[in-house]
Amino acid sequence: MAIITLTTDFGWKDPYVGAVKGAIYKELKEVTIVDISHDVTPFNIAEAAYIIQNAYHSFPEGTIHIIGVDAEHTPENIHIAVLLKGHYFICADNGVLALIMNKLRPEKLVEINIHDRITSNFTTLDAFVSTACHIARGGTLEVIGKPLSRIRAISGVQPKVSDSSNSIYGQVIYIDNYGNSVTNISEEIFDTVGKGRAFEISARNERFTKIFKQYSDIINFEDEEKKRDVDGKGLVIFNSAGYLEMATYKSNPLTVGSASSLFGLKINVPVIITFKDS
Amino acid sequence: MAIITLTTDFGWKDPYVGAVKGAIYKELKEVTIVDISHDVTPFNIAEAAYIIQNAYHSFPEGTIHIIGVDAEHTPENIHIAVLLKGHYFICADNGVLALIMNKLRPEKLVEINIHDRITSNFTTLDAFVSTACHIARGGTLEVIGKPLSRIRAISGVQPKVSDSSNSIYGQVIYIDNYGNSVTNISEEIFDTVGKGRAFEISARNERFTKIFKQYSDIINFEDEEKKRDVDGKGLVIFNSAGYLEMATYKSNPLTVGSASSLFGLKINVPVIITFKDS
Amino acid sequence: MAIITLTTDFGWKDPYVGAVKGAIYKELKEVTIVDISHDVTPFNIAEAAYIIQNAYHSFPEGTIHIIGVDAEHTPENIHIAVLLKGHYFICADNGVLALIMNKLRPEKLVEINIHDRITSNFTTLDAFVSTACHIARGGTLEVIGKPLSRIRAISGVQPKVSDSSNSIYGQVIYIDNYGNSVTNISEEIFDTVGKGRAFEISARNERFTKIFKQYSDIINFEDEEKKRDVDGKGLVIFNSAGYLEMATYKSNPLTVGSASSLFGLKINVPVIITFKDS
Numbered sequence: 001m002a003i004i005t006l007t008t009d010f011g012w013k014d015p016y017v018g019a020v021k022g023a024i025y026k027e028l029k030e031v032t033i034v035d036i037s038h039d040v041t042p043f044n045i046a047e048a049a050y051i052i053q054n055a056y057h058s059f060p061e062g063t064i065h066i067i068g069v070d071a072e073h074t075p076e077n078i079h080i081a082v083l084l085k086g087h088y089f090i091c092a093d094n095g096v097l098a099l100i101m102n103k104l105r106p107e108k109l110v111e112i113n114i115h116d117r118i119t120s121n122f123t124t125l126d127a128f129v130s131t132a133c134h135i136a137r138g139g140t141l142e143v144i145g146k147p148l149s150r151i152r153a154i155s156g157v158q159p160k161v162s163d164s165s166n167s168i169y170g171q172v173i174y175i176d177n178y179g180n181s182v183t184n185i186s187e188e189i190f191d192t193v194g195k196g197r198a199f200e201i202s203a204r205n206e207r208f209t210k211i212f213k214q215y216s217d218i219i220n221f222e223d224e225e226k227k228r229d230v231d232g233k234g235l236v237i238f239n240s241a242g243y244l245e246m247a248t249y250k251s252n253p254l255t256v257g258s259a260s261s262l263f264g265l266k267i268n269v270p271v272i273i274t275f276k277d278s
Numbered sequence: 001m002a003i004i005t006l007t008t009d010f011g012w013k014d015p016y017v018g019a020v021k022g023a024i025y026k027e028l029k030e031v032t033i034v035d036i037s038h039d040v041t042p043f044n045i046a047e048a049a050y051i052i053q054n055a056y057h058s059f060p061e062g063t064i065h066i067i068g069v070d071a072e073h074t075p076e077n078i079h080i081a082v083l084l085k086g087h088y089f090i091c092a093d094n095g096v097l098a099l100i101m102n103k104l105r106p107e108k109l110v111e112i113n114i115h116d117r118i119t120s121n122f123t124t125l126d127a128f129v130s131t132a133c134h135i136a137r138g139g140t141l142e143v144i145g146k147p148l149s150r151i152r153a154i155s156g157v158q159p160k161v162s163d164s165s166n167s168i169y170g171q172v173i174y175i176d177n178y179g180n181s182v183t184n185i186s187e188e189i190f191d192t193v194g195k196g197r198a199f200e201i202s203a204r205n206e207r208f209t210k211i212f213k214q215y216s217d218i219i220n221f222e223d224e225e226k227k228r229d230v231d232g233k234g235l236v237i238f239n240s241a242g243y244l245e246m247a248t249y250k251s252n253p254l255t256v257g258s259a260s261s262l263f264g265l266k267i268n269v270p271v272i273i274t275f276k277d278s
Numbered sequence: 001m002a003i004i005t006l007t008t009d010f011g012w013k014d015p016y017v018g019a020v021k022g023a024i025y026k027e028l029k030e031v032t033i034v035d036i037s038h039d040v041t042p043f044n045i046a047e048a049a050y051i052i053q054n055a056y057h058s059f060p061e062g063t064i065h066i067i068g069v070d071a072e073h074t075p076e077n078i079h080i081a082v083l084l085k086g087h088y089f090i091c092a093d094n095g096v097l098a099l100i101m102n103k104l105r106p107e108k109l110v111e112i113n114i115h116d117r118i119t120s121n122f123t124t125l126d127a128f129v130s131t132a133c134h135i136a137r138g139g140t141l142e143v144i145g146k147p148l149s150r151i152r153a154i155s156g157v158q159p160k161v162s163d164s165s166n167s168i169y170g171q172v173i174y175i176d177n178y179g180n181s182v183t184n185i186s187e188e189i190f191d192t193v194g195k196g197r198a199f200e201i202s203a204r205n206e207r208f209t210k211i212f213k214q215y216s217d218i219i220n221f222e223d224e225e226k227k228r229d230v231d232g233k234g235l236v237i238f239n240s241a242g243y244l245e246m247a248t249y250k251s252n253p254l255t256v257g258s259a260s261s262l263f264g265l266k267i268n269v270p271v272i273i274t275f276k277d278s
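Protein chains in written order, with my numbering: chain P, 1 to 278; chain V, 1 to 278; chain A, 1 to 278.
Simulated from the structure, these hints should not be mistaken for laboratory data.
There may be inaccurate statements among the hints.
Repeated chains share a single entry, so a pair holds when one copy, or any two copies, can fit it.
[To be verified] Lysine to aspartate or glutamate pairs mimicking DMTMM-like chemistry, simulated, CA-CA at most 20 Å apart: (1) K233 - D191; (2) K210 - E61; (3) K250 - E76; (4) K233 - E72; (5) K250 - D39.
Since the structure is predicted, the reported quantities are computational estimates derived from the model, not experimental observations.
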């Protein structure tokens with residue numbers, strides 16, 4: 001049974017998510033539809049990319065991912081379908097796919113050209129739904145689009161490495177549900193540049209020289225329970241998505257506070273890693 | 001496989017939505033349950049009607065729609081099941097169905113009378129779940145209810161047309177996830193009254209004389225990209241639901257603002273269309 | 001087809017819920033995944049317990065419930081799987097299960113010990129997903145865990161009964177979507193201690209001597225409609241979960257207000273029931 005996932009900025013209240021699901025069920029008797037997120041900040045493709053990028057690979061190969069963010073079809077915002085690492089992505093060519101793909105080469109890439117065959121009133125996502133259902137039925141991309149050689153790139157979201165290779169300049173790109181501040185610095189770039197050297201991570205007034213494997217590594221379990229006061233203490237971890245994340249232990253934005261609120265580590269705040277000479 | 005949709009004011013946090021789904025799965029091995037919305041403002045049947053009305057028709061015929069808003073069973077709030085345009089609706093007779101049906105005649109309409117056969121503690125929706133599962137198994141409405149000739153009507157939500165047929169008096173009825181202000185003026189009434197005449201739409205301090213086909217029509221794509229400053233500019237469109245909507249381009253209530261926040265076009269604000277003499 | 005439910009504090013925006021679902025679909029072709037809630041306050045196991053406790057029993061026996069709250073695997077936070085009243089629960093041994101079970105004895109209880117067999121980067125829930133899929137395929141708990149004789153208990157969440165058996169001292173434990181204040185006083189303890197005697201319920205400035213069967217019992221349907229002014233009036237009910245709940249009629253936290261806002265009946269506020277000598 002085909003799986004179609006949805007990542008949109010539609011929110012959970014409006015009729016749009018239901019309408020898209022209904023349209024899919026109208027075309028396909030047997031299909032599994034999975035919501036990845038509908039809480040993307042309106043028109044924020046960087047956020048959409050972060051979310052889908054960190055969810056898609058856990059799905060089986062062949063899964064079809066619809067990204068309904070900034071998707072209105074215009075001469076400058078064409079619709080594309082892509083086969084990438086065995087997964088299908090359907091979205092507008094607004095930069096979101098460049099963010100997801102990073103340096104990967106797509107197996108297939110087409111501009112969807114079925115818009116004149118569609119008559120409906122939910123214009124934004126009709127072409128996406130038709131394309132997804134076509135793929136779910138085993139159809140090929142070539143039938144619903146024409147090959148495309150390149151997609152729109154977006155600059156400025158990759159961390160920079162200093163000429164000396166002693167520093168990485170990144171920034172906070174996402175605040176998660178716990179108020180943790182996720183950066184654009186991946187474990188891969190950290191390892192490549194750092195080569196095992198000692199380091200200091202600095203972000204506003206915070207300094208860290210250690211990266212934990214899991215949040216609870218901040219606790220010394222040999223201490224008596226009452227002597228372990230770690231609530232609200234900052235720590236750094238590579239999160240499950242493989243990105244450097246600044247967090248607090250048992251973070252709660254509404255009560256004890258979180259990395260983003262306690263330390264002011266909001267979106268776009270610079271994060272610098274300096275490696276020591278070895 | 002039968003499809004049952006849910007539109008409620010239960011919210012997404014409480015156990016109620018899960019409990020309803022569990023009860024359906026207990027009765028039916030094979031069923032597809034789709035959340036349309038659980039964020040209806042508590043007891044707000046106008047909002048519930050707007051949401052279900054704009055989602056239901058994208059589902060296949062035969063879909064069963066449960067509306068769990070203001071549904072406590074009382075002598076004055078009976079439970080009804082309706083077959084309308086090939087779709088089943090199960091709700092309380094509190095006016096929500098009149099809003100959905102508008103001028104349509106239901107194919108079938110019954111008062112659900114199975115309450116004394118149900119023993120459970122989730123009283124509000126037990127009768128709805130039993131009714132939905134009965135229909136999903138192919139049962140008829142007559143078995144679980146007695147025919148009803150009329151339902152409760154609600155006044156004041158339809159736009160008014162002036163005696164001269166030169167004006168339509170409507171109002172904002174819904175603010176969507178992007179902060180767009182949706183009115184109760186349908187494309188149908190606009191066309192019928194306007195008959196192609198020039199017009200002016202006025203709402204608070206805003207005046208519009210054009211209705212776009214899509215949001216991006218506000219852009220002149222022949223301008224250089226940097227000369228197109230349309231952010232925060234108001235525009236009018238018939239939305240995918242067929243209602244007149246006042247919007248801003250790439251609206252975001254949290255950052256650049258939206259029609260409802262920038263122009264004060266909140267729920268109940270009057271919207272007047274004046275047609276020019278032809 | 002196996003049913004797996006999810007109750008977490010992941011929120012609905014982040015990629016985590018999608019990632020967990022993808023991982024389940026990767027292991028199981030045929031499975032029904034049901035979201036119970038992802039809005040548990042971060043790390044709040046009392047809230048998680050309240051939610052799952054009031055949803056799980058409506059599902060068919062054999063359903064597998066994953067509770068992803070405060071679940072990081074540490075020497076002091078082991079992972080457990082339990083068979084209880086025909087339902088499977090998979091969670092960390094952080095007290096949440098003790099809250100759900102109350103005085104029940106589990107049919108089976110094991111410490112999950114498959115962590116060294118798992119290689120993945122979504123550490124928190126990988127073991128839960130693997131365990132759930134193992135059970136869904138018909139596997140036994142003994143294969144993925146070793147028997148455990150006791151779980152971590154949590155004190156202070158049960159109401160207290162006075163020595164004279166004339167009073168029950170409870171508290172507000174949950175505020176629902178309507179702003180109703182749910183207490184930890186069950187209908188069972190009320191009946192056992194009260195034995196049908198007259199009573200007074202007091203919470204801050206509010207006093208109640210009656211418990212309704214449904215919210216609308218506050219209305220006298222023989223009054224003319226316009227004489228029934230019950231909006232905002234307090235009432236007490238045993239909710240669908242069987243707990244004493246203080247509510248207002250047609251409560252709406254955003255407009256007319258609710259029990260928690262109007263009467264200040266927030267989490268932890270004491271609620272005392274005093275029974276009259278019979």
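Of the hints given before, which are not true for this structure? The structure conflicts with hints 1 and 2, although it agrees with all the remaining ones.
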